[in-house]
Amino acid sequence: MSEKDTNRIVLVDTAFIRSEDVDSYAALKHWPSTVKVTRKIVMGALDETPIEIERAALSLHEMHHLRALLEKHELREQQRQQAERVLDTWAIWMPDRVVDEQLGDALEDINRRIREDQPRWAIRLKVAATMFWLTVHSIGYFLTTSGIRKTN
Amino acid sequence: MLASMTLIDVRTSLLLALMRGDSYGLELIQRIKDDTNGRAMLLEGRVYPALRELERDGLLESYEGERLPERGGRPRIYYKLTAEGRRTARQDAKALLGLLRPAIGVS
Numbered sequence: 001m002s003e004k005d006t007n008r009i010v011l012v013d014t015a016f017i018r019s020e021d022v023d024s025y026a027a028l029k030h031w032p033s034t035v036k037v038t039r040k041i042v043m044g045a046l047d048e049t050p051i052e053i054e055r056a057a058l059s060l061h062e063m064h065h066l067r068a069l070l071e072k073h074e075l076r077e078q079q080r081q082q083a084e085r086v087l088d089t090w091a092i093w094m095p096d097r098v099v100d101e102q103l104g105d106a107l108e109d110i111n112r113r114i115r116e117d118q119p120r121w122a123i124r125l126k127v128a129a130t131m132f133w134l135t136v137h138s139i140g141y142f143l144t145t146s147g148i149r150k151t152n
Numbered sequence: 001m002l003a004s005m006t007l008i009d010v011r012t013s014l015l016l017a018l019m020r021g022d023s024y025g026l027e028l029i030q031r032i033k034d035d036t037n038g039r040a041m042l043l044e045g046r047v048y049p050a051l052r053e054l055e056r057d058g059l060l061e062s063y064e065g066e067r068l069p070e071r072g073g074r075p076r077i078y079y080k081l082t083a084e085g086r087r088t089a090r091q092d093a094k095a096l097l098g099l100l101r102p103a104i105g106v107s
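Chains as they are written, first to last, in the working numbering: chain A, 1 to 152; chain B, 1 to 107.
Hints are not guaranteed to be accurate.
Stated by the list, open to error - Distance windows between CB atoms, simulated:
1. A:Asp96 x B:Asp22: 38 to 48 Å
2. A:Arg85 x B:Asn37: 29 to 39 Å
3. A:His73 x B:Gly58: 39 to 49 Å
4. B:Gly65 x A:Glu116: 17 to 27 Å
5. A:Asp96 x B:Ala103: 41 to 51 Å
No wet-lab data here; the hints were simulated from the structure. All residues carry an ideal CB built from backbone N, CA and C; glycine is no exception.
Bound-form chain B, shown alone (with noise of 0.2 Å):
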């Protein structure tokens, strides 16, 4: 069976992955998938262009890191949340823990 592919949205799955610290988007794919034991997968389609739109949208902002021969010498391109970006996603957390505390048995 396919893992879920959208137990939530790409922006807040990204935002929150990104509250653990800088990342680039490949490191994100992983990251988020460990997190959710696999239920959550992104795909490369939809996760570059939101991490874009994220940055237009002053949620996030990136910087280039060293360049890598196993990437045949190109940066990679971390991403880091500005503090709007942080509240952002301090709101959603606290929104989607208010959908999970009756499904969790938490009051």
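Okay, chain A solo, but in the shape it has when bound (with noise of 0.2 Å):
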């Protein structure tokens, strides 16, 4: 491991402690500024050896909450990534308006559900359900602005 990388694990690591939270892994590739970040440089640097994470100035305890920290945030961000492709593929026929309003809020939804660690059954459980109410309103949609259903 060159000095530079040693460097970058340091400073990935303050920045985790410092925020105690997985989600600004996003905003690491932009800390500091000068240092670009990105997660194969970290994943690859953890698979160093013990003797060389010494010479990182970090603790084992510390690289492995590190490493924890990064699998969670790439199994949430597979979560996310799945479900949205899902979905989007789902709505591909169905209005903007529906679209936008009602499977907005469903991925910001499911988002929230991912980040609370929520079982993957229920968050296949909301996907199943947002396509259920995306179809239905989206006919109803369609069958009110084309005037066959009057509203009151």
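Mind docking these for me? Both chains are given alone in their own frames, and the hints should help you get the complex.
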């Protein structure tokens, strides 16, 4: 591990300890502005041996903490992307108004659930419910705007 | 036990919740749940059509908020009461208060 990489790890760890929030990982890409920290660098560096971890001036406990945070972040990111991909594909034919409002709100809610570490089945249930309501409301929207269904 | 979902009509709940300020669907659902200690929980299946219906009836106006990454780059759709909506909300609140007075022991 080069000295430059070692400094990066120290910086990353410091930032995590300060924020105590894995979501701030996104902000690390821009912090500090002179060092471009990427997940690849961090994960790659974490695969180094304990001897090199000592050289990075971090305790094993700190490294485990950092690794756990990064893995958790990675898992959350996968879940988020998967839900977004499924719902985006499902909503391809739906009106913009319904998609912006309901799909947007659903994704915001799903992101919150993922951050709260809710179980996978709860996230999947939310995705399935969103697909159902998006379909029902899109049909209702088309019927109303085309004048087939009358409103009060 | 399931919390009551029929404390008051969905339209009235939304109008009353919007008296506290502009908001969007997801936040309105949470606001109503919090304000009623979880006794009134609106289902997303009923909230969005009701919001659009209130807008068509001229009681609400909608506008787009900023596009957010956690929404896949989609904007929040905020709602605000129109003058007519505010009047209707006040009338509904008075009517509800009339119903509640005997129950809470206020004359």
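Now for the hints, and whether the structure bears them out:
no., hint, result
1, A:Asp96 x B:Asp22: 38 to 48 Å, "21 Å, violated"
2, A:Arg85 x B:Asn37: 29 to 39 Å, "37 Å, holds"
3, A:His73 x B:Gly58: 39 to 49 Å, "46 Å, holds"
4, B:Gly65 x A:Glu116: 17 to 27 Å, "23 Å, holds"
5, A:Asp96 x B:Ala103: 41 to 51 Å, "45 Å, holds"
In this structure, only the earlier hint numbered 1 is contradicted, and the remaining ones agree with it.
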